[in-house]
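Visitor: From just these sequences and the hints, can you work out the full model?
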Amino acid sequence: MTQDWKRLGDAIRDARTSRGMTQIDLATAAEVSEATVQNLEGARKNPRRRPPSLPRIEAALNWAAGSATRILEGGAPLDAPSPPASAPPPASDSQLPLRVQHELRDSEVVDTDVLDLSAGGMRLVVVVTRG
22 MTQDWKRLGD
32 AIRDARTSRG
42 MTQIDLATAA
52 EVSEATVQNL
62 EGARKNPRRR
72 PPSLPRIEAA
82 LNWAAGSATR
92 ILEGGAPLDA
102 PSPPASAPPP
112 ASDSQLPLRV
122 QHELRDSEVV
132 DTDVLDLSAG
142 GMRLVVVVTR
152 G
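Each residue of the sequence shown is one higher than the one before, starting from 22 at the first, in this note's numbering.
It should be emphasised that the hints constitute simulated quantities derived from the structure, not laboratory data.
One thing to keep in mind: the hints can contain errors.
To be verified - Here are the computed lysine to aspartate or glutamate pairs in the DMTMM-like style, where the Cα-Cα straight-line distance is at most 25 angstroms: (1) Lys27 to Glu94; (2) Lys27 to Glu52; (3) Lys27 to Glu62.
Guide: Given below as structure tokens:
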């Protein structure tokens with residue numbers, strides 16, 4: 022299958038500029054040289070080998086792993102999955118009812134929120150779990 026390196030270079034440049042990043046910013050975030058970013062963005066022909074820096078560039082642009090390959094093959098990059106939210110640990114587990122302690126210990130925390138009830142400084146803590 023033909024790989025379009027110019028298309029990948031354009032996608033990297035577009036993603037970088039849409040995030041307000043310079044080539045130096047992207048190079049720093051990806052822990053690669055500025056020349057690496059310049060070479061990828063300026064690619065007009067197929068390199069002899071796939072640059073090992075592509076996964077770091079993908080991560081720095083918040084693309085899912087494999088997005089560069091998708092672009093080379095005519096597709097679009099995918100956003101990297103968001104890391105699961107985790108509830109901040111309570112000051113002391115013993116302050117929580119046993120049922121809540123059990124859920125926090127044996128389930129994956131998916132999301133959290135704190136709602137101000139505006140009644141004497143009361144707050145509602147919501148912890149969404151899966152498992």
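Visitor: What are the numbers of the hints that this structure violates, sorted from low to high?
Guide: none
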